[in-house]
Amino acid sequence: MAQVASLTLLHNDDARPIIEAIMADNPGVRVLDMPGCVKLDRDMELVVNRASVEERLGRTWDPQEIHLVLVSMAGNLDEDDDRFLVGWKH
Amino acid sequence: MTIQIKTIDLEPKRQTFGHIARRLGGDKPASRYQEATLDVQATANFHYKPLWEAEYWQYDTRKTAVVMEDWYKPLDPRQFYYAAYNIARANMNQAVERNFSFIEERGLIEKLSAEAKAQIERGLLPMRHLHWGSNMNMTEITQRGYGTAVTAPCIFSAGDHLGMAQIISRVGLELDGQTGVSLDRAKETWLGDAAWQGARKLIEDTFVERDFFQLYVAQTLAVNGVLFDMAYKHADAAWRDGAIPVAMLTEFMSDWRAEESRWSDHVVKTVASESDANKKLVSEWARLGRFARRMRRAKRPRRARVRSVCRSNRGDKHYGASRFAHASAQ
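Chains as they are written, first to last, in this note's numbering: chain A, 1 to 90; chain B, 1001 to 1330.
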């Protein structure tokens, strides 16, 4: 059984472009709406691409800004200037 | 005893306003930019038709020759609404304040050569009048334009120009020991110095432009794209030993220009690509129109001025902005 990589984000105006970017870039992502937050699950790997978020946000975005709206995560973190990735492939 | 914590998910009846949902094609959460922009301007049920320009309604798409099927197509890629705009500008202004105190503490303007001070007074300070004119133009587009998507960023831009005029004024106050005499002299330069009359005529002629999108093209492509870039990007050599302090004190303008052109270029591009007729009109206004011709006339004396002050004897006949910087560096 595949392990689940997951990000839980606040559900607010700041996080919405990130959520949309994740949904666009991760085929098969499962979205669980909860009061005040959104849990995004996907088998093995979940990625947030800087370029996709910037496109929706209309300004430059540093992947580290995700921490302002990040509630919880599952998976090993792999992070660079262009993306924020949680996954189990190591 | 076990305590079970339960959460109740209250599903909101609506995610956004009805008029936004119709735009988005469904009841989805909308960004604040979308909610503050889309279809905000009134379009119907006006009670009083204006007595002035009786052929038009208050908001009327016929106030420009370009035709858009939907004036909410040219959206702002920066997604500025009131809060986002103010937060962005407050951050930029913090940098301005820091740069001014840096320059003041070290007396970097006081220590400049008399020649550099004279150059800044004559070449930079009159720009505040150009900014004031640009403020007038953007305000005019706001009141004559159609659709909040276009008009809201225009009033932000108008505010930016007032702010930049104030920054220039503060540079003047640094030059003259906070007395304001340099600003009075710079106004005389703006009104009387032959070198500035091309730029002054250009901006004053745009004041009477009635077609709001033609005015938009003139302001963003001609005034912003040529005159401001020339003053803030290509004139470093003209300020002599003052190049670095001036670059610091006008950092706001460089940042603003890089950011605003993302929006203004996008708007011009969107309107031009709507139809062949629009493209023809916009190209005409941008390149072959009377503003561009006037612009070439406006640039000539300014370039000549900086060159003559710098005692350049080169007789080149090129009017490009890079030549301007090159010539003044001689």
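If you're looking for bench data, these hints aren't it; they were derived computationally from the structure.
Worth double-checking, as some hints may not be accurate.
[To be verified] Straight-line C-alpha distance at most 27 Å; calculated DSS-like pairs for lysine-lysine:
1) A:Lys89 - A:Lys39
2) B:Lys1006 - A:Lys39
3) B:Lys1049 - B:Lys1028
4) B:Lys1028 - A:Lys39
5) B:Lys1233 - B:Lys1111
6) A:Lys39 - B:Lys1013
- Message: Does Lys1013 of chain B sit within 27 Å of Lys39 of chain A, going by the straight-line distance between their CA atoms?
- Response: 21 Å, holds
- Message: Check the hint pairing Lys1049 of chain B with Lys1028 of chain B against an upper bound of 27 Å on the C-alpha distance.
- Response: 37 Å, violated
- Going straight from one Cα to the other, do Lys1006 of chain B and Lys39 of chain A come out at no more than 27 Å? 17 Å, holds
- Item | Holds or violated: Lys1233 of chain B to Lys1111 of chain B, with C-alpha atoms at most 27 Å apart | It holds: about 23 Å lies between the C-alpha atoms, which stays within 27 Å.
- Given hint Lys39 of chain A paired with Lys89 of chain A - CA-CA distance at most 27 Å: Given pair Lys89 of chain A, Lys39 of chain A holds - Cα atoms ~21 Å apart, limit 27 Å.
- Task: Would you mind confirming whether the straight-line C-alpha gap from Lys1028 of chain B to Lys39 of chain A stays at or under 27 Å?
- Result: Holds. Lys1028 of chain B to Lys39 of chain A sits at ~18 Å (cutoff 27 Å).
Going down the numbered hints, you'll see the structure goes against just number 3.
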